[in-house]
Amino acid sequence: MKARIGGPSATGSTSAPQATGRTGPALRVEGVWKSFGQARVLRGIDLELAEHDVVCLIGASGSGKSTLLRCINLLEPVDAGRIVLQGEEITAPGADVNRVRRRLGIVFQSFNLFPHMSVLANVTLAPRKVLRLSRRDADERATALLDRFGLADKRDDFPDRLSGGQQQRVAIVRALAMEPDLLLLDEITSALDPELVAEVLNVIRDLARGGMTMLIATHEMGFARDIATRVCFLDDGVILEQGPAGEIFSHPREARTQQFLQRIVEAGRL
Amino acid sequence: MGGSLTGGPLDTGELVSPAAGGPPLRSRRFERSALRSTLIALVSTVVFFGVLAWIVVHAPNWPDVQRSFFNGTIWNQSVPDIVPAFGVNVELFCVSEVFILVLALVLAVLRSLPGPVFFPLRLLATAYADIFRAIPGILIIYLLGFGIPALQIPGVPTSTFFYAVVSLTLVYSAYVSEVYRAGIQSIHPSQEAAARSLGLTQFQALRYVVLPQAVRRVIPPLLNDFIGLQKDTVLVSYIGVVEIFRQSQIDQAAAFNFTPYLVTALVFLVITIPLARLVDVLIARDRRRFLAGAR
Ligand SMILES: Nc1ncnc2c1ncn2[C@@H]1O[C@H](COP(=O)(O)OP(=O)(O)OP(=O)(O)O)[C@@H](O)[C@H]1O
Ligand SMILES: [Mg+2]
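In order, the protein sequences belong to chains Y and L.
Residue numbers for the first sequence follow our numbering, beginning at -16 and rising by one.
Residue numbers for the second sequence follow our numbering, beginning at 271 and rising by one.
None of these hints come from the bench; they were simulated from the model.
For glycine and all other residues, C-beta sits at the position ideal for the given N, C-alpha and C.
Possibly wrong hints are sitting among the right ones.
[Claimed, not checked] Okay, the calculated bits of chain L under chain Y, using three or more residues with CB under 8 Å as the criterion:
| hint | stretch |
| --- | --- |
| 1 | 453 to 464 |
| 2 | 467 to 474 |
| 3 | 482 to 492 |
Sequences and hints are given; from them, build the entire structure.
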């Protein structure tokens, strides 16, 4: 493999319309609104990620974290606003959804591995069918990634034979195999037993060190403090407050942020 | 996911195999009680059917019935006629089944297409399923088998076998497409979302992720429909295909005796019961997997 996945040069493999590193933000979200029926879930979200940023989204359950990530991935259409990925507006009417999604990896809370396929097939499906890699190239790429994350011996197992932590690491590898420019992670440790959380978070730390740009919805405040270049507090569909992790956690300005963090502390999670 | 909900069915393997050096007491007692249940089941079955047979045989008109339904000579004469005729049913079944599996899948996929663009296709597929489930199969067979050849359009086949296959395919595809559709809908939307999020097109997500899982899940109900089709192949006798039922009618008319029908019934029993047991086994296997949290 030429470049370390997620490393600064990884973007070279997907034909981004712009030279990377030269210009503006990796991702810009401008005034995004989203409702489900009467429920206004996102009410004007503005957010910007530079290359290699690791931004953590925190906020109460139902505040709209998952919805925001799903909108960025175009799994949900936005009602208003724009989402710009490396200078290209992906919410534009004519945008090629499938091409955009190749450049955006997303990992879900519930893993969503394909249960009828081996680990290797899970990881190689998209590279083969979407990027049109040969089976050999795809296998090679997948094997290198599985190796790197300690999953080499699980290659031929089916997902139901793996622990939750292993399944989630496979899901991460599956997203990485597409060599995305930006990785979206939606509470990827929430469905895991406590003793399995660390192995998954270590994978993310590793990716962050490698320079992967990531937007992470999480309830793991310790982890957010550790790796986030910035923390955004989402409250009732708006980003109420954002800043460096130390600042948000130690000196939250907004009353709602203070309340939220207070509850987290009481729950023993900070 | 925790352990199974029920703690699993009685696992004989576990109980009987003596744990290393463990007391064999429990397993022996278990063996004895298993033997007892089997004996009781055997005796009660014999008694039940014995009584039933006694009642039938001692019915006032039994000798007459015996002569017209259970005639040994006629039985022996008609078996060599009827059993080969069943080959036609098997052929009908196999040919139709292939077309049914394909057409039904296409219909199910059409009905599952989302979005307003595909509304006409969804509408067509829905109308198809409704219409062909509403009209009794025998009417379709009559209408196609007699109607279309009567038009005498040049080049249109006249073989009754052809119309038999077409009719069975049309009718059964409507049912089977519903089975497929239930399977497709039983796959959680997060599976499609995961596939789409990797950049797969909607068709690719369906082809590689949703359908393989859906089809696996509906194999037992599909087999159930096969059993129905198996039996309904006799309906095409009405447009003149000489298959097993038509053959037994011919034999019945020749001998003025109903024994040939009994032969036919027996052939279907022999073919269908193993299939029914197979369905049970598959359903039980699915259930076990489900309870084990494998899905
Ligand atoms: N497809 C949908 N249809 C209707 N309502 C939805 C849908 N998806 C999300 N919602 C609603 O939107 C709100 C925000 O949901 P979302 O999943 O984005 O919250 P979240 O911040 O991710 O919460 P959690 O921490 O529990 O995951 C919730 O009130 C939810 O009920
Ligand atoms: Mg969520």
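For each hint, the structure was consulted:
{"no.": "1", "hint": "453 to 464", "in the structure": "holds (count 4)"}
{"no.": "2", "hint": "467 to 474", "in the structure": "holds (count 6)"}
{"no.": "3", "hint": "482 to 492", "in the structure": "holds (count 3)"}
When held up to the earlier numbered hints, the structure conflicts with none and fits them all.
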